[in-house]
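The hints should help you fit chain B onto chain A, whose structure is shown.
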Amino acid sequence: MELSLYSWRTRGVQRPAVTSSAARADVVERARSGDVTAFRELYSLHQRQVARQLAFLVPRSDLEDVLQDVFIEVYKSIRRFEGKSAFTTWLYRLTVHVAMKARRKQTRSRLDIVEDVPDRADEGPSPMDVALSAERQARVEALLEKLSPKKRAVLVMHDLQGVEAQRIAEILDTNILTVRTRLFYARRELEVLAKDDPALADFFGGGTP
Amino acid sequence: MKHLEPDALEAAARAPATGDVAAHLASCAECREHVSRAQGRQRLLAGLTPYTLSDLAFRRVEARLDEAVAAGEAEPSSWRWLGFVAGAVAAVAVAFFFVSSEPALPGVVVNLPRPQVALGQAPFHPLTVLRAVDAQARLGSEAWRPVSAGDVLGAGEAVSSHAIALAPASDERWTFFADGSLSLGGAASLTLGAGEILASVGSPVEVLVSSRRLLSTDALFSVSRVGAEVVLQVSAGEVEVVDSLTAERRMVKAPRALRWSDGSALKDGRDEVLRALAAPAVPGKPWTRFDTHALLAGTDVSLDGLKLGKAPFVELVTAGRRRLGLTPPGGAQRESWLELIGGQPYTAKVELPALENDGPEPDAAALDRVLSELKRQRPKLAACYDKWLKANPTAQGEVTLELLVGAQGRVKRARVLDGTISAASSECLVTTAKSLVLPPLGADATLEVPLLLRNH
Numbered sequence: 001m002e003l004s005l006y007s008w009r010t011r012g013v014q015r016p017a018v019t020s021s022a023a024r025a026d027v028v029e030r031a032r033s034g035d036v037t038a039f040r041e042l043y044s045l046h047q048r049q050v051a052r053q054l055a056f057l058v059p060r061s062d063l064e065d066v067l068q069d070v071f072i073e074v075y076k077s078i079r080r081f082e083g084k085s086a087f088t089t090w091l092y093r094l095t096v097h098v099a100m101k102a103r104r105k106q107t108r109s110r111l112d113i114v115e116d117v118p119d120r121a122d123e124g125p126s127p128m129d130v131a132l133s134a135e136r137q138a139r140v141e142a143l144l145e146k147l148s149p150k151k152r153a154v155l156v157m158h159d160l161q162g163v164e165a166q167r168i169a170e171i172l173d174t175n176i177l178t179v180r181t182r183l184f185y186a187r188r189e190l191e192v193l194a195k196d197d198p199a200l201a202d203f204f205g206g207g208t209p
Numbered sequence: 001m002k003h004l005e006p007d008a009l010e011a012a013a014r015a016p017a018t019g020d021v022a023a024h025l026a027s028c029a030e031c032r033e034h035v036s037r038a039q040g041r042q043r044l045l046a047g048l049t050p051y052t053l054s055d056l057a058f059r060r061v062e063a064r065l066d067e068a069v070a071a072g073e074a075e076p077s078s079w080r081w082l083g084f085v086a087g088a089v090a091a092v093a094v095a096f097f098f099v100s101s102e103p104a105l106p107g108v109v110v111n112l113p114r115p116q117v118a119l120g121q122a123p124f125h126p127l128t129v130l131r132a133v134d135a136q137a138r139l140g141s142e143a144w145r146p147v148s149a150g151d152v153l154g155a156g157e158a159v160s161s162h163a164i165a166l167a168p169a170s171d172e173r174w175t176f177f178a179d180g181s182l183s184l185g186g187a188a189s190l191t192l193g194a195g196e197i198l199a200s201v202g203s204p205v206e207v208l209v210s211s212r213r214l215l216s217t218d219a220l221f222s223v224s225r226v227g228a229e230v231v232l233q234v235s236a237g238e239v240e241v242v243d244s245l246t247a248e249r250r251m252v253k254a255p256r257a258l259r260w261s262d263g264s265a266l267k268d269g270r271d272e273v274l275r276a277l278a279a280p281a282v283p284g285k286p287w288t289r290f291d292t293h294a295l296l297a298g299t300d301v302s303l304d305g306l307k308l309g310k311a312p313f314v315e316l317v318t319a320g321r322r323r324l325g326l327t328p329p330g331g332a333q334r335e336s337w338l339e340l341i342g343g344q345p346y347t348a349k350v351e352l353p354a355l356e357n358d359g360p361e362p363d364a365a366a367l368d369r370v371l372s373e374l375k376r377q378r379p380k381l382a383a384c385y386d387k388w389l390k391a392n393p394t395a396q397g398e399v400t401l402e403l404l405v406g407a408q409g410r411v412k413r414a415r416v417l418d419g420t421i422s423a424a425s426s427e428c429l430v431t432t433a434k435s436l437v438l439p440p441l442g443a444d445a446t447l448e449v450p451l452l453l454r455n456h
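Those protein sequence lines, which keep their order, are chains A and B. The opening position of the first sequence corresponds to residue 1 in my numbering, with each subsequent residue numbered one higher. The opening position of the second sequence corresponds to residue 1 in my numbering, with each subsequent residue numbered one higher.
Bound-form chain A, shown alone (with noise of 0.2 Å):
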């Protein structure tokens, strides 16, 4: 298995062609049973969908300890991965709940941790209207890393990613109606915050800002 050791070498060029669902199974089959070259596999082949779920969620300067956190933690726990569910679905709710737990981080200095994503129209569910200016989107961004985990985690889900209510509750083992909660109450905060920076009060004037 040469290549998946140097999968990430030249970028699509090398990566372990693992398409099919089948395939994909049987990477986090060999996974489970200890073959490290399957981890190697499961994250280059999730890494990208893992740090695009992890956005908003956490801060963008921490996003590259949290999705190295997840994948120790996958490393750690997919042994309990019993295929009852997808492995994409433990994997989001792996995501989510090591996002909560992520404590704000000291900022290293870096030379390159994040980018934005580039627009595409079959990524994400919830289509950009409008893109932010870069100062607009970082305030908004200071705003929901504001919000207390629970609040923040399902307000991204929900509005951002578009996470249906109910498995939303699935996902954080909780009841719909906490979900509902959290929701009314995390919107409502960050609609309260938003209102008071004079950068963003305009969107809330009633016309196009």
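Please keep in mind that the hints were generated in silico from the structure rather than gathered at the bench. If you're wondering where the values come from, they're calculated on a predicted model, not measured in any experiment. Each hint can be trusted.
Lysine-lysine pairs mimicking DSS-like chemistry, simulated, CA-CA at most 30 Å apart:
| id | chain 1 | residue 1 | chain 2 | residue 2 |
| --- | --- | --- | --- | --- |
| 1 | B | 390 | B | 380 |
| 2 | A | 101 | B | 307 |
| 3 | B | 2 | A | 150 |
| 4 | B | 434 | B | 349 |
Positioned in the frame of chain A, the structure of chain B alone reads:
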């Protein structure tokens, strides 16, 4: 009065309410206020651009996962993250030339009093300098010549530099990042701060200082640099130990590690070292030579939010529409948009050069004629939006084009001042705008043309 449920309020914020909801809203000021706030929040969240990590960051995480998994090797049932390599990669001729009197056995740590690795390149490919700080090069005994980003180094050249990043001129299969002196040729020597490391391998080598690895298809190394220490982790291949004084040679099969014998801690200060070294990623082509020597020394420079370093330096960067951030020492950051054109050098300045407009202001009638003509030629600009829509059916945005229109109506220069459209669309608009011919104004004039790109 019983107010609307949250779901109904959200729905009313997304689309005009009908039926009972509309009737309720007409009579309930509080609900209308909720709907208005929800509309504001929905617009705010809809405008967010998702973020992810760069390829380099994904690799860093992968490298750290390597370490985490490798740390579990001692446990009987744990995985051996790197172990599988040994079985998959054939033993290869990896020769390390260094002075050592220590006995070396397979699987043991070999202490190197003066480690040296020579990186062989066969055949040798010319190397393009991506970034250089205080770099000089010479061939043989010729005089040293200054080296800057964009220069190409040939076989046999010796390089002296505080920091240098190189990539092959022909392809991008591998890149060096070195700090110190580097000589190139049939057997290159790469100095990694603490001392000279020499190695030779039978295939191209990728040196990734950020993840502390040297990779080749024939061998795997990992390199740690901490202060006065260099560690080579060798998990496959053979190492030839050579005493340079006596010329005595001895083969060691895949030693677990080669490291300095000074006993200093391996991990302390690693981040500091990495920060000083900067990223080794090869920027995508086409390249622009990005020069910061016109800036105040010590100014922090970033492109698209990623720090490039402190001025002065020259670096090859990817051309296109980029966001430049400049933070002079003790000053506030200033951001502006750039149009970097492949093959054309760019010199960063604190103030973006305004488009020259020395002529008198054109009269209103002339401006009206220009605007009418711009409207007539709008389909040309709309073609750029069509291309964007093909890539992203939901694309829409706003942009302001600044045009320097010559006295005869030819667009002499164009640039995008600000906007919320894709970089490719910006480039397309600029290119298209430069091809426009407008009614003569009688004098040069700078026009700002706001464009709203929306699919009806």
